[in-house]
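Asker: The residues making up each chain are set out below.
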Amino acid sequence: MRPIKGKGCLIVLRGTFAPQIFQPAWFGTKGLIRQAESDKAKDIIVHESMTSFSLEWANVQVLQDRFTIATMDEGYEEPMRDLVLSTFRLLSETPITAIGLNRTMHFQVEDVDTWHAIGHKLAPKEVLWDKILTSPGTKSLTIEGKHKSGLPGYTLVKIEPSVAYQNSVYAEINDHYIVGESGKGTGADMAKLLEDTWADSQLNSNTIMSSIRERL
Amino acid sequence: MTEIATMPYCQDANAVPQHMLNNKGLRRILFTTPHKEEQPSNSAGIADTTQPQPPRISEQRGITAAAVLPEENWRLHSATTQRFITSKKWEGVVNRIDTDNEIFFAQLNELNAANTIEEDAELPINDVAEDDLELFKEGAIFFFSVGYRISEAGAHERSSRIRFQRLPKWKEDDIIDAHNKAKQIINKIKLE
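Just so you know, the sequences run in chain order A and B. Every letter in the first sequence is one number past the one before it in my numbering, and letter 37, counting from 1, is 37. Every letter in the second sequence is one number past the one before it in my numbering, and letter 26, counting from 1, is 26.
The following block holds chain A by itself, in its conformation from the complex (with noise of 0.2 Å):
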């Protein structure tokens, strides 16, 4: 089996947000994380266009148009959904048009040349490539599927070279929903869709995340 050299995930939430509001004092206050992690939150910068914190286990980033949070520790990723949906139960008004659960993992590779082999089988070279490019090698590859439930949406799976571990593959999965109808949905809508489609999510990814790790 082919170890995983790191795993992460994150949520991704579109929309229209005052990032002045989302500080680690005021997580603290509503009771959303321990009091002391709001205490020791870091790399705190607060500003009207961002706000952006660390937490032991998470990293929270605020733009008008976009909330993410984000953790490497499979172990808190049910508690940042807690803290997701929390917090937009509480902001129940928010406009939010797209939700993104994404999932990211590194796995090493035997060796180098099972790393190329696996280039040339998600993008083989010799059809076009090796005519018109000099050593063409893969460096970004993305498929698109569509939700099994019908949900409008889309799941994009996107296989790299890893930028972090040698002889390593980075897997990345987005699991894209839209909120509301037609994207005109609200923190209430976003925090009931997350609800519905968590758990599915979360196993639909593992098991393409496995059939990469084993089958490339």
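None of these hints come from the bench; they were simulated from the model. Just so you know, even glycine gets a beta-carbon here, dropped at the ideal spot from N, CA and C. You may find that some hints are simply not true.
[As the list claims (entries may be wrong)] According to the in silico footprint, chain B covers these stretches of chain A (three or more CB under 8 Å from chain B):
| no. | stretch |
| --- | --- |
| 1 | 31-38 |
| 2 | 81-90 |
| 3 | 184-193 |
| 4 | 199-212 |
Using the hints, position chain B against chain A.
Answerer: Structure of chain B alone, referenced to chain A:
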């Protein structure tokens, strides 16, 4: 130094030819090739991007570029110096608290399992973080994960964690509203 060639690509899924998207379509593919004056590598299947890439900066206006984290950080493409690798994780419900023996009994449901697997567990109260004690009561939901922590030096250390679910605190108005709605529902049922 590398040069990137791209296939036609568009951020808007609706603008991508539909024949490319039927069910599982090709969305994007990038290739890289060395400049001609450079020595080409041997049949590179994957472009060598182990060298740090120039960070991409958000186009958000009104903030200095340096203030915005590089997009790569948010895509978690980077390595971390210390990390926790989860072997298994469960969602649990506190069934009974035994303060005399400093343990609590819980029902655990394994997360990420294709089929629901329920288990009964006995866990030490000492594993509950001080800041979570206000949430620690019968019926409370928590997340329990076991795995190992990898230090900066590469040492593996077995570890487990408990974290209680945090949801917005109920306001008095919300509770009154909920009672009123419940009364309305009960009255409707009686009428029928």
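Asker: Do three or more residues of the stretch 184-193 of chain A come closer than 8 Å to chain B, measuring C-beta to C-beta?
Answerer: Since 0 is below three, the answer is violated.
Asker: Can the stretch 199-212 of chain A be counted as covered by chain B under the rule of three residues or more with Cβ-Cβ separation shorter than 8 Å?
Answerer: This one holds; 3 residues, not fewer than the three required, reach chain B with a Cβ under 8 Å.
Asker: How about the stretch 81-90 of chain A: do at least three of its residues have a C-beta closer than 8 Å to a C-beta of chain B?
Answerer: Contact hint for the stretch 81-90 of chain A vs chain B: holds, 6 residues under 8 Å.
Asker: Take the stretch 31-38 of chain A, compare each residue's beta carbon with every beta carbon of chain B, and decide whether three or more fall closer than 8 Å.
Answerer: holds (count 7)
Against the hints set out earlier in the document, a violation occurs for number 3 only.
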